[in-house]
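Chemist: Sequence:
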Amino acid sequence: MSEGENMEQHLGKMQNLTDKLQSLGSACAKELGPWSMLCSVPASYDQLVTTLANKPENELTIDLIKGTLLSEFRRRQNQGLADGCTEQAMKVNKLDDECFFCHETGHQKRNCLKYKKYLKNRKGSKPKFKASKVEEHHGDTDEDGEHNVYTDRAYSAVRHKVKCPVWYFDSAATRHMTPDIKFFKTFDPTYTSKVRVANKQYSDICSIGTGQINCRLSSGKTKVLTLKDVLYAPSFYAGLFFLSTMAKLGYELSGKGDQMTLFKDGEEVAIAMAKNDMYEIMDVEDYMRAKKEVKQVEKASGASHHNDKCIHTWHRRFGHRDPKAIEKLIENELAEGVEIKKCNEIQVCSSCIKGKLSRKPFPKESLSKTTKRLELLHMDLCGPMPTKTVGGRRYLMTIIDDFSRYTFVYLLTEKSQDERVIRDFIAEMKTQYGEKPKCFRSDRGGEFMSHDLMQFLAKQGVKVQRTAPYTPEQNGVAERKNRTLVEATRTMLIDAGLADQYWGEAVMTAGYVQNLLPTRVRDKTPFELFFDKKPDISHLRVYGCKAYAHIPKQMRLKLDNKTRECIFVGYSQESKAYRLLEENTGKILTSRDIKFVENIIPRKGKRVLFGLERGETAEKLKQQVSAHKSDTYVYVPVDSIDNNACVNHQGNTGIRSQGSNAPEPPVMRETQESSDNFETPDGSISMTDEASESESVEDVPLAWRLRRGNNEPVINVDYSSENETPEEVPRTVEEALSGVYAEQWRKAMDEEMESLSKNETWDLEPKSANKNVIGCKWVFTIKRHADGSPKRFKARLVAQGFSQRYGIDYDEVFAPVVRQTTLRTLLSIAGRRGFFVKHLDAKTAFLNGKLSKTIYMRQPPNYVDEGKPEFVCRLNKSLYGLKQAAKAWHDKLDEVLHNMGFEKCPSDHCLYRTMEGEPEVYLAVHVDDMIIASKSSRRIEAVKEALNREFSITDMGDLKFYLGIGVRRDDNRNFYLNQGNYIRKILTRARLSDAKNSTHPMDVGYEKAREKSPRITNESYQKLIGALLYLLVHTRPDISAAVAILSQRIKEPRQTDWNELQRICRYLKYTIDFELRLSDQSRDDKLIGYADANLAESRDSRKSNSGYIFKLFGGTISWSSKRQECVTLSSTEAELVALSEASREAKWIRKLLTFFNEHQNEPTTIYEDNQSCINSLKGPGSSNRSKHIDTKYFYTRELKERRIIQVTCCPTETNEADMFTKPLGPTKLSTLVKMIGLKNWSKQDEPNDH
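Going left to right, the sequence shown walks through residues 1 to 1250 as UniProt numbering numbers them.
Please note: incorrect hints may appear among the correct ones.
[To be verified] Straight-line alpha carbon distances no greater than 25 Å define the calculated DSS-like cross-link-like pairs of lysine-lysine that follow: (1) 1103 <-> 1008; (2) 843 <-> 791; (3) 256 <-> 275; (4) 372 <-> 533; (5) 838 <-> 892; (6) 1147 <-> 1200; (7) 369 <-> 430; (8) 794 <-> 783; (9) 248 <-> 185; (10) 309 <-> 324; (11) 1122 <-> 1151; (12) 388 <-> 604; (13) 587 <-> 562; (14) 960 <-> 935; (15) 264 <-> 223; (16) 1178 <-> 1147; (17) 791 <-> 960; (18) 771 <-> 868; (19) 438 <-> 372; (20) 944 <-> 791; (21) 587 <-> 604; (22) 1086 <-> 935; (23) 935 <-> 838; (24) 430 <-> 576; (25) 843 <-> 887; (26) 1234 <-> 1086; (27) 791 <-> 747; (28) 777 <-> 791; (29) 1151 <-> 904; (30) 758 <-> 892.
Because the hints were derived from the structure by calculation, they are not lab data.
Please model the entire structure based on the sequences and the hints provided.
Modeler: If you want it as structure tokens, here you go:
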């Protein structure tokens, strides 16, 4: 190959020659191929050839040689060197070639006969390190231009340009030299000189200075080496490290093989590695910088070594298919037109990594084995189950011993109970077995990562192992056990014919019997491995079989049956006995004297059926119920159910998420009588025909219920109104005094009785026949902080006022409470004026009211006077539960405030102020909760002390939580309201805590979709509407239109209505952190309002919807969304009705503001987007309008003429009342919501949709 020839073409020719030799049968062609390629390249590749020739024969392959030669050839091309050109960075003139060995001219070292003889005599020893001669010039030039120099020899092996600044050890150079200007920390630009290189030419020296080299050491660390008097030679391609200078400074050089090490005082300073017959030392920082620059250049130039037929190109052409499949295509000749040329490049496809990367496989068996019990415990929590147990449990928790696989099963009501279970478990293990668990392994569920639990386990010395994020497979033992238990539970319930609420009994039984069976990883049973004895299983019985329980003689008469018929549902965990279900009452019994009939399953085929498998047709349902001629079963297609809130299945466990809108199965109550059909309280019945036996209740996309005489579809929806923590709030005294909080409830009851006694609430009198005696009961509740945590246990003695008689025991009962608009206005003004705002609570408030009627009541449960058990209480003071109790308390409080100098607001009779003294004090009252505001904290304390003299007042401090509303105040004194905790309760009760978020509360096309929607039951619908109404009235104006429209469907709701209610809940979940700002200190706006209407919005009555909103100081204080009472014939009339309603509210608010000394001297501006409506107020009066429209017209016009209001036109896009009249899309709704000051103010960003 000549110097000008293309390397790629040359290697192709050599490969063809080698292939021909092999095809002719040459035995040595394969061995000679690599060497023939090495010998055929030009002399400029000699160094590369020498390097390759020194490699072991088993590594020297044709592919390696071709790849290396091609890389060198392309490198030279990229550096701008002409193909085959031997011109080097420091070019040597061939005519004046000087041998670096003998120093004679006319030949080079590689052709020197003396050098070859020397190599032959060395017998394998390494040649001496030599390099190009370098001389430095000091002084001036003479008149002929020649340099006056003194020469010191040095040797540089720099022949080719390198890609990054490197340094070479040089034993004879006169100075350190470098071409890298970035090396210098300090330098003298006035210094100039010249140096002579090997070709007897001169290179310029432009500066001299000091710099540092970051040298890599053998330990991997970096050593900073400072070099002084370094010459800057920009024409050089590498730096020369002068060893003689370093030797004078006390440095020592030692080397062996391919490595040379520089020492100073025995400490390693720098390391140089042999490369191309030279010792190279790399500056770490310069290397990284140069490498980055090279990458940028290559990226900009689009440099690539791949050809258009290499495997990498075909890989991309075939859509990133596995290269092995492409190679197989060619090897088996499965296609034509495919040719692959090797590019000798190894490339990792980043696109494949991003698009195909999968998770690493999990080991089938654990690599670590435990050798004794309690060494490692797996735990997991499963749920919430779609149906509560009879005891209210919804979660299943398992703890599995790794060594024995013995499983402990626990039923929980809330996830947070896991901490108590773990504490009790550790205590039990220490007490019963004298051992303490060493390690717990769980997933990353929040219930297992609480601070208190982690702190407790740390104190106990228990290690905690957690799975990697989103990797439950690492907790496979517990996950598999949960699946096994749930599958067994489902199967046992189906076989026994029991309803879903008995899943707790079934899962406890499944856990019990599975501990008696060997596992795949152990040859013995978990019971034997854990307790070190074989189990006795003679007592096991068929789950759900018939059982006759013996009735003790103390509980039966002489001729009564001695047994009661029951169903076997489990094994007692507390005694050697069985658990039985008494079908007549639904109660669970425990007995040891039992006769089992295992071949009879009483409820076989009678399981409560409340749904069909997904995909089953309505005809199949009709076939199932065809036997019931007198009753009509109705069905609902799957399409009628909202997919966004549909059932989510988690693996194979059959557990539905809280986001499901499918109904729960009917629940049997303990006191309920059951017929043969197992009829439930809501009218649902179980199927008794043979067709129902094969039905599964795992999937519930279709709900049905029994109705008579109506074939219209009716869906049974569910909105649970139970307390979220029913175990904490008992319903009876017996539950309170036998639960885990018995001590707290006992204390609360004692405090209530002490307060009643101190207040002289009643006197005991003998009972007589002519006295109407009412009952009483204890009501328990828990006062909570703003974050929902318990604050105080409260017990209240409540009279059973439902037995009072009107006109005899009571007369008037109405008692007002402060309006929410008044409260928001008070807080807005308080923020504006910098008032202190405090929260007061009147303890046992109703006990202070005076009764005008004589009322008798039975003595409180558990507090009956032992000396007078037959006496009754003659009430002297009002008591909670009495019909007139609220009015009596309000009258008493009003009297006390009047005596203290407070005056009542004429606009709101629960707002008071006192002007006696400065500054004024305002007081708002809502039953026994009071909000007091004033500029002076001293005045507030004086009022509080005066109230405390009359009542028992509790100072709750700064206003933070009021009537379930969170109140926050920022540094600018602005108030913010939110009901995040209340929203969470709604989501939990609606089982939508895990549902998908919604960006708007109602679908714009709701009215059209409703027409063909099936009907549903209205009880749960009404409950959810009521919960949302409380929310919109206080803090969430953004859901006003949606709730107002849906509340009009309460009488006969349809499935679409229920879906939209769920959409509102999902929207609230999306915006749960939104807060309503009540004022903006940066604005000085007076009262302004917006009014709007939507003509004939209701398809049922064609009545329009009205809406208005009022703002004070830039904060929203009042809003409304309601259906108009009359039908309007045009948009002008509809807007006029809406404007009249807004005008009436404006008049009331102005009167309220006068009480706060916020006088509105100018008319209140109300913005309206209907020009025709605005213009009609300017005319003389009308016409063709009906009377009820005319009255609203003249009322509004009169207020305008009296300058109480002024109506101004605004664009529809900025009319904030538009959101109160109809459903809006997410974009427009979001804009208007921000305009009214409702957003996540703590984070100045929008919520994430997840």
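Chemist: Next step is simple, just say for each hint if it's right about the structure.
Modeler: Checked hints:
With a CA separation close to 16 Å, the supplied pair residue 1103 and residue 1008 stays within the 25 Å bound. Between residue 843 and residue 791, the direct Cα distance comes to roughly 15 Å. Compliance with the 25 Å bound is thereby established for this hinted pair. Between residue 256 and residue 275 the alpha-carbon distance is near 14 Å, which keeps this suggested pair within the 25 Å criterion. Of the pairs offered as hints, the one joining residue 372 and residue 533 holds, with about 15 Å between alpha carbons and a cut-off of 25 Å not exceeded.
Among the hinted pairs, residue 838 with residue 892 is consistent with the structure: their alpha-carbon atoms are about 22 Å apart, no more than 25 Å. The straight-line distance between the Cα atoms of residue 1147 and residue 1200 is roughly 11 Å, inside the 25 Å bound, and the hint therefore holds. Only pairs whose Cα atoms come within 25 Å are accepted, and residue 369 paired with residue 430 is accepted, the gap being roughly 23 Å. Only pairs whose Cα atoms come within 25 Å are accepted, and residue 794 paired with residue 783 is accepted, the gap being roughly 7 Å.
A C-alpha spacing of about 23 Å is found between residue 248 and residue 185, which places the hinted pair at or below 25 Å, so the restraint holds. For the suggested pair residue 309 and residue 324, the alpha carbons sit about 16 Å apart, so the restraint of at most 25 Å is met. For the hint pairing residue 1122 with residue 1151, the CA-to-CA distance comes to about 23 Å; that is within 25 Å, so the pair holds. With a C-alpha separation of about 22 Å, the suggested pairing of residue 388 with residue 604 holds against the 25 Å cut-off.
Note on residue 587 and residue 562: the hinted pairing holds, with a Cα-Cα distance of about 18 Å set against a maximum of 25 Å. Among the hinted pairs, residue 960 with residue 935 is consistent with the structure: their alpha-carbon atoms are about 18 Å apart, no more than 25 Å. At most 25 Å may separate the alpha-carbon atoms for a hinted pair to count; residue 264 and residue 223 meet this at roughly 12 Å. Of the supplied pair hints, the one linking residue 1178 and residue 1147 holds, its CA atoms being roughly 20 Å apart against a limit of 25 Å.
The hinted pair formed by residue 791 and residue 960 meets the criterion: a straight-line CA distance of about 14 Å does not exceed 25 Å. The straight-line distance between the Cα atoms of residue 771 and residue 868 is roughly 17 Å, inside the 25 Å bound, and the hint therefore holds. Simply put, residue 438 and residue 372 have alpha-carbon atoms about 11 Å apart, close enough for the 25 Å limit, and the pair holds. About 22 Å separates the Cα atoms of residue 944 and residue 791, which keeps this hinted pair within 25 Å; it holds.
Taking the CA atoms of residue 587 and residue 604, the gap is about 19 Å. The hint holds against a cut of 25 Å. A threshold of 25 Å between alpha carbons decides the hint, and for residue 1086 with residue 935 the separation of about 21 Å falls inside it, so the pair holds. The hinted pair formed by residue 935 and residue 838 meets the criterion: a straight-line CA distance of about 11 Å does not exceed 25 Å. For the hint pairing residue 430 with residue 576, the CA-to-CA distance comes to about 23 Å; that is within 25 Å, so the pair holds.
For the given pair, residue 843 sits about 16 Å from residue 887 by alpha-carbon distance, which is consistent with the 25 Å threshold. For a cut-off of 25 Å, the pair hint linking residue 1234 to residue 1086 stands: about 19 Å separates their Cα positions. Straight-line distance between C-alpha atoms of residue 791 and residue 747 comes to about 14 Å, which keeps the hinted pair within the 25 Å bound. For the given pair, residue 777 sits about 23 Å from residue 791 by alpha-carbon distance, which is consistent with the 25 Å threshold.
Under the criterion of a C-alpha separation no larger than 25 Å, the hint pairing residue 1151 with residue 904 is consistent with the structure, at around 13 Å. Between residue 758 and residue 892, the direct Cα distance comes to roughly 18 Å. Compliance with the 25 Å bound is thereby established for this hinted pair.
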